[in-house]
Amino acid sequence: MYKSQHFEKYNLINGVWDEMYNEKSIVRDHYRKVIEYLAKESPDDLNKKEELAKRLFMTQGITFTVYNSGEGIEKIFPFDIIPRVITAAEWDFVEKGIKQRLTALNLFLKDIYHNQFIVKDGIVPIDIVYSCPHFLREMYQLNVPYDVYVHIAGIDLIRDHDGTFYVLEDNLRTPSGVSYMLENREITKRLFPDLLPNCGVRSVTEYPSILYKNLLSLSPRQISNPTIVLLSPGIYNSAYFEHTTLARLMGVELVEGRDLVVNNHKVYMKTTTGLQQVDVIYRRVDDDFLDPLVFNPNSVLGVAGLMGAYRKGNVAIVNAIGNGVADDKATYIYVPDMIRYYLNEEPLLKNVPTHRLSNDDEREFVFKNINSMVVKKTNESGGYGMLMGHASTEEEIEQYKKEILKDPRNFIAQPTISLSAAPCYIGGVLQPRRIDLRPYALCGPDGIEIVPGGLTRVALTEGSLVVNSSQGGGSKDTWVLC
Amino acid sequence: MLSRVAASFYWLSRYIERSDGILRMLKTNYASSQDSVAGFTWEPVIRIFSGSDEDLIGQLGDDSRAVLKYMVIDKQNANSIVNLITLARENARSVQEHIPKDLWQCLNEYYHTAKEPRIVAGLKKDDPIGVLDVLIKQVMLYYGTAEITMERGQARSFMNIGKYLERAIQSIDILDVKFGPINNNPDLLLDITYWKHLLLSIGGYELYQKTYRDGLEAHNVIEQVILNNDFPRSVIYSVNNIQRYFDRLKNNSNVNDYREISFHIGKLQSNIKYSSVKSISQMGLHEYLTSLREDLYRIGNSLNEYYFANS
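So the protein sequences, as listed, match chains A and B.
Using the numbering used here, the letters of the first sequence map in sequence onto residues 1 to 482.
Using the numbering used here, the letters of the second sequence map in sequence onto residues 1 to 311.
All the pointers check out, no bait thrown in.
Stretch-level coverage of chain A by chain B, calculated; a stretch enters the list once three of its residues show a Cβ under 8 Å from a Cβ in chain B: (1) 51-60; (2) 234-240; (3) 249-261; (4) 264-275.
Using 25 Å as the maximum straight-line C-alpha spacing, the simulated DSS-like pairs for lysine-lysine come out as follows: (5) Lys-402/A x Lys-377/A; (6) Lys-137/B x Lys-54/A; (7) Lys-120/A x Lys-110/A; (8) Lys-101/B x Lys-75/A; (9) Lys-75/B x Lys-115/B; (10) Lys-9/A x Lys-33/A; (11) Lys-101/B x Lys-137/B; (12) Lys-189/A x Lys-101/B; (13) Lys-350/A x Lys-377/A; (14) Lys-377/A x Lys-406/A; (15) Lys-40/A x Lys-24/A; (16) Lys-210/B x Lys-273/B; (17) Lys-101/B x Lys-213/A; (18) Lys-115/B x Lys-48/A; (19) Lys-75/A x Lys-189/A; (20) Lys-115/B x Lys-54/A; (21) Lys-250/B x Lys-273/B; (22) Lys-75/B x Lys-75/A; (23) Lys-213/A x Lys-312/A; (24) Lys-115/B x Lys-75/A; (25) Lys-406/A x Lys-368/A; (26) Lys-48/A x Lys-33/A; (27) Lys-27/B x Lys-69/B; (28) Lys-54/A x Lys-101/B; (29) Lys-101/B x Lys-49/A; (30) Lys-350/A x Lys-99/A; (31) Lys-250/B x Lys-270/A.
FYI, nobody ran anything at the bench for these hints, they're computed from the structure.
Cβ atoms here follow ideal geometry from the backbone N, Cα and C, with glycine treated the same way.
Make the full structure from the sequences, and use the hints.
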């Protein structure tokens, strides 16, 4: 154990991979410089840094607004000042694994919306595809530029008790959080002067320029300066800060549905000097709200006629519509098979063993062992509608079982994975808290690029395994070393 | 530029300018309320910025603390400082990627300052001038930052049009309300402190003293507030600036829309330019001010229709 006042109360959690200490309670090499730096600081200094971080987030307006009884309350996405460190070797593996997985998922989407070979060859059962609410007939036989469906993926990774990486979720629709990856880094630069260059931390600042380059390449019109826009639901969306940050960093126009209009299967934006044609839309609006003529007719967030323009090929939409069929939690089970089928490779990143509850045997098994299981809804995200078997009361479990029986297709179960722990500065001392990792992968015509880093989400409540921000999670800066 | 973005700039700027006007007004009026000025009343302030709700005016009476609370932090008052800055910030937020980070931080800070508990405490029992000064400083910081950091383009033009339109309307309202009671009480015409406070509340007292050597006269006040080109809160100065910044929006692709509004602005501009205190009195001050106000509203509506795509 490290001798310093911050570390006295750091108790390793039994049976959990600790990012900082190895099993003999010796600091891992890649954490050494950070720890030495921290040991020199007094608790007072660290408290000051924590204060500074809060203030920086507040004055820069890096907040989300919770609307309660008509009054907006500004909240900061909780930020833990201690960075999470990843070694070059670990990153190398993660990067390769994600590239492989994303390549297969893109091929799957192309296949499923065209010839469906994977279904005909009996690898993925047809009912999984057709019962998924995010499988959209509107996409059938539609060719998208460069056959790329997932331009931006935020694949969630976790580490089991022996440090093995597992994929928890493939987020292929409109993954969020990348602005926190960028802002957390900016804040850390202020908090720990000189520490980043001393440790040899790789930079993440390239993200917006890579994304911009990819968006440019998608323009259907062959012109020198195509119009690219970022479509946001508006200022009341909790991720609005992220939308403005990305729009600003890329220098593209941030639009809302009401700024756009479709005429003759072309999309235009309303400007002070008349209508201007739009070529590429990076949308942060869900499929269902994109076009009231085709999807949810009550939506005012999208643009009437957008799907028509998309089908005509007059506008590129990022990510493609209908990706939900590939990151559905029931499809998730078949991703390793997809990798073998499309790429003829063994999957590098493992899946968490997953049970389909529509399968009678598996359901029975899960019900028997429910105390060591996590049950999730297949098409919910953000940590909503989950049942953590080990932390639920008898009553909650019974209630949830009833719900499952109503529509078993909608549920999957996974054994409780323990999630690795990393040191967090909480209450004036370092304490271990559970974390995950979401790297952001960008897929363009030149292949897949992943900036070295990502968002490390952390469950700030002691003992909690849920890292989602809507459930009391926070985030950390994520360092990948050279 | 997106129409919605242009509209946000315009309104952002109008709300900030309004908050500035209100704060300065409150500061001088609070000072006069402590000065036992004869016939001092908060009524005109409430009338100018919160409409003519008689019940409300009766209810607040001349309780300075109550008026200040109502004008600064009351959420029920659409034009309270807290509401104005919230609206300004929402507008800024929706164009965040178009404004310099410094400016956004400035607005953000103004917003958070206005919500601080010490503001409420200061208005309730401590020194309200101190509180008002803190807020006025935030506005000045905003104007300084905008001046230094804003790109010289369309966005700034829309901001300045909003600012000067709001300012012109404010000056007109202030004159109108302050001259209103004179019909019933002609003695006010000779009341020096009455005019002094009017000038102080719009920051024109020093200029007045430099310009006019013959003491405080109502017709001189009218001249300065409407016709003096060197007075930054005069109507003519504001309209000239509306014209100046609108001119920069001329563009090959919107000639017709441009011409339509340009015509209204030009007409208003010459109307004021070729007025004198004498001609204004002949027409009747209230009627004259009403016609100016209508012209300004028309300009605002045309902007809405032709540039903000809200038709």
